[in-house]
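Visitor: These protein sequences, in sequence, are chains H and W.
Per this note's numbering, residue 1 is the first one in the first sequence, and the count goes up by one each step.
Per this note's numbering, residue 1 is the first one in the second sequence, and the count goes up by one each step.
The reader is advised that the hints may include incorrect statements.
No more than 35 Å apart at the CA atoms, straight line, and that leaves these computed lysine-lysine pairs for DSBU-like [what the hints assert, rightly or not]:
1. W:Lys91 / W:Lys81
2. W:Lys148 / W:Lys198
3. W:Lys363 / W:Lys81
4. W:Lys282 / H:Lys48
5. H:Lys48 / W:Lys198
6. W:Lys240 / W:Lys90
7. H:Lys48 / W:Lys240
8. W:Lys148 / W:Lys90
9. W:Lys363 / W:Lys91
Calculated directly from the structure, the hints in this document are not laboratory data.
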Amino acid sequence: MSTGIKGVLSNRLSIASGWSPWLFLPMLLLLSALAALGTGRFAISPDKVFGILASQVVPLDVFWTETEARVVMLARLPRILMAIIVGGGLAMAGAALQGIFRNPLADPQIVGVSAGAAFGGVLALLLFPSSVLVMLSAFLFGMIALGVVYWFSHAGGRSLVLMLVLAGVVVGALFGALVSLITYLADPQDELPAIVFWLMGSFATASYEKVATVAIPVLAGGMLMYLMRFRINVMSLGDEDAGTLGISVQRSRWMVLAGVTAITAATVAVAGVIGWVGLVIPHAARMMTGADHRTLLPVSALLGAIYMLIIDSIARSATAMEIPIGILTAIIGAPVFIVLLKRNKLGGWHGD
Amino acid sequence: MFRFMLSMSRPGYLKCFLAMASWAALAASAQPVTLVDENQRVTVLTRPAERVVTIPLPVAAMLMTVDGSSRRLVGMNSVSKSAIKEGILKKIFPASLEIRSDVAGDGFMPNVETLLEARPDLVLQWGDRGQDVIEPMTRLGIPVATLKYGSIEGVHAWLRLMGKALGRDGNADRIIRWSNAVLADMRRRTNPIPETEKPRVVYFLRFLSGMQVAGRSTNQDFDIHVAGGKNPAEGLSDFKLVNMEQILSWDPEVILLNNFEAGLTPRDIYSNPLFSSVSAVKHRRVYKMPLGGYRWDAPSHESPLNWEWLAMILHPQRFDLPLRDRITEAYSMIYNYTPSADDLDRVLRIDINEQSAHYERLKQ
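Bound conformation, chain H alone (with noise of 0.2 Å):
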């Protein structure tokens, strides 16, 4: 069995190594950020759009009215930020998770962290509506959510994959009916539409302080997960091979999770939960690099990046009204997700 998936993992390299995704994706991820400053409701010509960005950096003659430059600087800059960190972070921490667990379903839902985090901004939410102690709450209810995971799956003395895949499933469970309660509990005039709309998932009130607010975690968490990546390559080939190579699989595995952790508390905190990124997106990243999480990390990063930068223009330019995000991914994330396996049969993965 393992070592079926040390000869897709060498094959997937070989391959990797022929075919750089280093320019092409970035160029990608540039033009498509381009592309999307200069979309909206709000119509403004290409030129002024470049015109406004090239103006921050040196002196122009301004030819585009007040209003557009702040459309282009305080609405669609932020939210297109916004949209990268929480792709890339929630690709790269899908990544990462399928890589710890060797299970190609698994996504930062599946630890109870989504949960845990929904339900720290719905409580904020409820008892004291400011969007910092909103974050705030969203992350350290998710942290606790991944304590409380990790308390359960040692019970037995030492921790299994299974055991930490069962107890993320009740925890997440569990968060799932507190938030329930409070969505239950809430006043339905005033809290409670804060409260669906915040849980809906929306880039539609970015900005700038939210976007250092989901950077940073996001940068950590991702250093994190990147500087273990070998340790994910090992941990890849299961429990018992990764000890015989002789690396801490437990330490290992925590830190992954924390930073995990640390990525989706933060997006849930500022977008909601937002489903089948880390999901879908490492498949594909999968198919163009293999199984090696040295260039399976970042790439999935980027297609993650890419993926929601233009989901989301979608979602705020398409009609007149804001389409929900996690609709949007849904509908998009569960064909695509078919497609490549049904194509791939599970390209880089063995057979289990």
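Please build the complex by placing chain W on the supplied structure of chain H, with the hints as guidance.
Guide: Here is chain W on its own, set in the frame of chain H:
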């Protein structure tokens, strides 16, 4: 008589009997009452309702209004109660603060056991939110009359139904006549206004957590048109989430803020840099909706006052109504209550809106 009955907090048997007897005398008949609601459901009461529970939000205030008392309201939605606490009804019907507000939960679902404890002989419930919110009560034999959400015609139908159920048709008819008269008068005056002179008005149902605007087929859209405005969001139906760019491309000339988000004031709009180029902000025409016997955003028996207020806001040159006197007259008629200057300031939200244009006319 009213005062006497209001002061009875816990009626004993004798008091109960006395009250019943006097009510029977007042209502002139203890004949069976047949109610046909807007959904053609027929409910037969052996006599005018004595203990009514209301689940839809504006209906608690309307029931007390039609009855001229809070005595026969024995249960309501918690959000109805918050409107009473925030608004003027707590002064008009002080005993209403004691009425239980735990009879319905999330999504207007009745808590049947709590409801039974209130021993209602009639429950008023939404009729357009599915059978699930009605059947738990009818199954237990509780008489339920249903209401349809919607226009001012809907409000009139509710008033008529409540008047009939309580044996107070006269009160209901008086309010409906007034409402129709104001509506006809408003339409007569706003219809001739050329389209180009009607301001673009956007109503925010939510602002603090995502911007939700009122599209067509909402009560706010109806009110805006009655008062001589245009709703640029009428391409959307119902209430929809929109983003900043959409608002900028609509460029509203007047912005109306909801009464549901307690902390929301025009200052939130004026101080937002993204709004600085919006016409409504340039000309300081952002207003918090008034809150009287009920939130003026929603369709209610106070809608006529809202049309007059809104017309003054939208067309300061065309409409110069003595609004404070109008409110005083209306409240004397519908509540038998004379509001103080303080009351009027609070209804019109003078402290919140006084920074906005044309509002000094609404001050004392």
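Visitor: Does each hint fit the structure? Answer for all of them.
Guide: Outcome of the hint check:
1. W:Lys91 / W:Lys81: 13 Å, holds
2. W:Lys148 / W:Lys198: Satisfied, since the Cα-Cα distance of roughly 30 Å is no more than 35 Å.
3. W:Lys363 / W:Lys81: 28 Å, holds
4. W:Lys282 / H:Lys48: It holds: about 24 Å lies between the C-alpha atoms, which stays within 35 Å.
5. H:Lys48 / W:Lys198: 32 Å, holds
6. W:Lys240 / W:Lys90: Distance ~33 Å between Lys240 (chain W) and Lys90 (chain W) Cα, so the pair holds.
7. H:Lys48 / W:Lys240: 30 Å, holds
8. W:Lys148 / W:Lys90: With a Cα-Cα distance of about 27 Å, the restraint between Lys148 (chain W) and Lys90 (chain W) holds, given a limit of 35 Å.
9. W:Lys363 / W:Lys91: Since the Cα atoms of Lys363 (chain W) and Lys91 (chain W) sit roughly 21 Å apart, the hinted pair holds (cutoff 35 Å).
The structure agrees with every numbered hint stated previously.
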